[in-house]
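**Student:** Here is what each chain is made of, one letter per residue.
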Amino acid sequence: MTLLRILTSAHGFIGVLATAALLHPAILMRKGRPLSRGAKYSIALSTLFAVAAFAMGILIYEDYRSHVKRVLFSVNPTAGYFFETKEHLAFVVVSLAVGGAVCAFAAPNKAPQLRRAAAAAYLTASLLATVVGCLGTYVTAVHSFAE
Amino acid sequence: MTDDRREALAFSGLVFGLTSSLAYLLERLYERLRAGRGAPQLVISEVHATFYWRATLAAWLGLVVALLVYRSLRQVTPGATRWMMVLLLILTPVATWWAVQRP
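Listed in order, the protein sequences are those of chains A and B. If you're matching positions, the first sequence starts at 1 in my numbering and goes up one per residue. If you're matching positions, the second sequence starts at 1 in my numbering and goes up one per residue.
I should point out that these hints are in silico values taken from the structure, not numbers from a laboratory. Careful: at least some of the hints might be erroneous.
Claimed, not checked - Computed cross-link-like contacts, SDA-like style, restricted to lysine to any residue with a CA-CA straight-line distance of at most 25 Å:
id : chain 1 : residue 1 : chain 2 : residue 2
1  : A       : K40       : A       : F105
2  : A       : K31       : B       : R6
3  : A       : K110      : B       : W83
4  : A       : K110      : B       : R34
5  : A       : K110      : B       : L67
6  : A       : K110      : B       : E27
7  : A       : K40       : B       : Y30
8  : A       : K110      : B       : M1
9  : A       : K110      : B       : S72
10 : A       : K40       : B       : V43
11 : A       : K110      : B       : W53
12 : A       : K31       : B       : D4
13 : A       : K110      : B       : L68
14 : A       : K40       : B       : R82
15 : A       : K31       : B       : L68
16 : A       : K31       : A       : T140
17 : A       : K31       : B       : A59
18 : A       : K40       : B       : W97
19 : A       : K110      : B       : T2
20 : A       : K31       : A       : F82
21 : A       : K110      : B       : L89
22 : A       : K110      : A       : Y64
23 : A       : K31       : A       : S42
24 : A       : K40       : B       : R6
25 : A       : K40       : B       : G36
26 : A       : K40       : B       : W98
27 : A       : K31       : A       : R116
28 : A       : K40       : B       : L33
29 : A       : K110      : B       : R5
30 : A       : K40       : A       : S9
31 : A       : K31       : B       : G79
32 : A       : K31       : A       : A52
33 : A       : K40       : B       : S45
To be verified - Restraint ranges, calculated between C-beta atoms of paired labels, are given here:
id : chain 1 : residue 1 : chain 2 : residue 2 : range
34 : A       : I6        : B       : M1        : 21 to 29 Å
35 : A       : R37       : B       : I90       : 26 to 34 Å
36 : B       : R32       : A       : K110      : 29 to 37 Å
37 : A       : R5        : B       : S72       : 44 to 52 Å
38 : A       : S66       : B       : R82       : 45 to 53 Å
39 : B       : L89       : A       : R37       : 45 to 53 Å
Don't be surprised by glycine CBs; every beta carbon is placed ideally from N, CA and C.
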């Protein structure tokens, strides 16, 4: 078990956690009610998990490029292209999560429509994160770092 | 901070999320229209700096637009917020289709 496989697994686990966590703010804010303290913690942590998963992906990318990418494309070009797709969608997920967090924390109590809109942002982020997670799982199943 | 300013800030946050996402996808569209689908050899040898530039530019554009929206807004109308919700929800299938079709 190499360090890279540990980091890859951690990246995947945090990504799956972020996918589930991003749904929580969407559920909490769906009716636009003012945020409780717990809800604020939930929104902040959900966004942090998404950012952390993204950051871990960037951290291990160079090693992926050196050790995995070439073989991945030779074994299964579709999986190689799916990895590129994963990157694009991951950026969109983080953008929406950050934007939703700003909206959720800034919206005054008398503006339920803004919290509902933030909920829509988190729902979109969660759905896209699900796609990212599925793509990542498939790519890892095809080829990953050596043991 | 007054409620009007907080509403403007909140709406600007949503604008940032939507604009930076769309900007990224449009950048990718431009690259694909210009160069076509990359051959595997080229994708393998591509440095990651292109992704960093694309992401940074998209985030910067999102920030600029959000700041402009914040400056112009004093009161967010319910209609504008509804439109934002619709656009955000439409983004899911559009972004997924686009990213899958044009990696």
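**Student:** It remains to establish, for every hint, whether it holds in the given structure.
**Tutor:** Hints versus structure:
Of the pairs offered as hints, the one joining K40 (chain A) and F105 (chain A) holds, with about 7 Å between alpha carbons and a cut-off of 25 Å not exceeded. For the suggested pair K31 (chain A) and R6 (chain B), the alpha carbons sit about 19 Å apart, so the restraint of at most 25 Å is met. Note on K110 (chain A) and W83 (chain B): the hinted pairing holds, with a Cα-Cα distance of about 19 Å set against a maximum of 25 Å. Our distance criterion of 25 Å between C-alpha atoms is broken by K110 (chain A) and R34 (chain B), whose separation comes to about 47 Å.
As the CA atoms of K110 (chain A) and L67 (chain B) are separated by approximately 23 Å, the hinted pair is consistent with the 25 Å bound. About 37 Å separates the Cα atoms of K110 (chain A) and E27 (chain B), which puts this hinted pair outside 25 Å; it is violated. A threshold of 25 Å between alpha carbons decides the hint, and for K40 (chain A) with Y30 (chain B) the separation of about 38 Å lies outside it, so the pair is violated. Annotation: proposed proximity of K110 (chain A) to M1 (chain B) holds, straight-line Cα distance about 14 Å (limit 25 Å).
Between K110 (chain A) and S72 (chain B), the direct Cα distance comes to roughly 21 Å. Compliance with the 25 Å bound is thereby established for this hinted pair. Restraint check for K40 (chain A) and V43 (chain B): the C-alpha separation of about 41 Å exceeds 25 Å, so the hint is violated. Proximity of K110 (chain A) to W53 (chain B) is assessed by CA-CA distance (about 39 Å); at most 25 Å being required, the pair is judged violated. Of the supplied pair hints, the one linking K31 (chain A) and D4 (chain B) holds, its CA atoms being roughly 21 Å apart against a limit of 25 Å.
Between K110 (chain A) and L68 (chain B), the direct Cα distance comes to roughly 24 Å. Compliance with the 25 Å bound is thereby established for this hinted pair. With a CA separation close to 23 Å, the supplied pair K40 (chain A) and R82 (chain B) stays within the 25 Å bound. For the given pair, K31 (chain A) sits about 29 Å from L68 (chain B) by alpha-carbon distance, which is inconsistent with the 25 Å threshold. Of the supplied pair hints, the one linking K31 (chain A) and T140 (chain A) is violated, its CA atoms being roughly 38 Å apart against a limit of 25 Å.
Note on K31 (chain A) and A59 (chain B): the hinted pairing is violated, with a Cα-Cα distance of about 29 Å set against a maximum of 25 Å. About 32 Å separates the Cα atoms of K40 (chain A) and W97 (chain B), which puts this hinted pair outside 25 Å; it is violated. The straight-line distance between the Cα atoms of K110 (chain A) and T2 (chain B) is roughly 12 Å, inside the 25 Å bound, and the hint therefore holds. The suggested pairing of K31 (chain A) with F82 (chain A) is violated, with an alpha-carbon distance near 36 Å, which exceeds 25 Å.
For the given pair, K110 (chain A) sits about 23 Å from L89 (chain B) by alpha-carbon distance, which is consistent with the 25 Å threshold. Taken as a hint, the K110 (chain A) and Y64 (chain A) pair is broken in the structure, with Cα atoms around 48 Å apart against an allowance of 25 Å. Between K31 (chain A) and S42 (chain A) the alpha-carbon distance is near 16 Å, which keeps this suggested pair within the 25 Å criterion. Taking the CA atoms of K40 (chain A) and R6 (chain B), the gap is near 16 Å; set against the 25 Å cutoff, the hint holds.
The hinted pair formed by K40 (chain A) and G36 (chain B) fails the criterion: a straight-line CA distance of about 44 Å is larger than 25 Å. Of the pairs offered as hints, the one joining K40 (chain A) and W98 (chain B) is violated, with about 33 Å between alpha carbons and a cut-off of 25 Å exceeded. For the given pair, K31 (chain A) sits about 6 Å from R116 (chain A) by alpha-carbon distance, which is consistent with the 25 Å threshold. For the proposed pair K40 (chain A) and L33 (chain B), the alpha carbon gap of about 42 Å is over 25 Å, so the pair is violated.
Between K110 (chain A) and R5 (chain B) the alpha-carbon distance is near 13 Å, which keeps this suggested pair within the 25 Å criterion. For the suggested pair K40 (chain A) and S9 (chain A), the alpha carbons sit about 28 Å apart, so the restraint of at most 25 Å is broken. Between K31 (chain A) and G79 (chain B) the CA atoms are separated by roughly 17 Å; this keeps the pair inside 25 Å, and the hint holds. Of the supplied pair hints, the one linking K31 (chain A) and A52 (chain A) is violated, its CA atoms being roughly 28 Å apart against a limit of 25 Å.
The straight-line distance between the Cα atoms of K40 (chain A) and S45 (chain B) is roughly 43 Å, outside the 25 Å bound, and the hint therefore fails. Checking the proposed 21 to 29 Å range against I6 (chain A) and M1 (chain B) shows it is violated: the Cβ atoms sit about 44 Å from each other. One distance hint, 26 to 34 Å for the beta-carbon pair R37 (chain A) and I90 (chain B), holds here, with the actual separation near 33 Å. For the pair R32 (chain B) and K110 (chain A), the supplied restraint of 29 to 37 Å is violated, since their beta-carbon distance comes to about 44 Å.
Evaluation of the 44 to 52 Å hint for R5 (chain A) and S72 (chain B) yields a pass: the beta carbon distance comes to about 50 Å. For S66 (chain A) and R82 (chain B), the Cβ-Cβ distance of about 48 Å falls inside the hinted range of 45 to 53 Å, so the restraint holds. Look at L89 (chain B) against R37 (chain A): about 28 Å separates their beta carbons, and that is not inside 45 to 53 Å.
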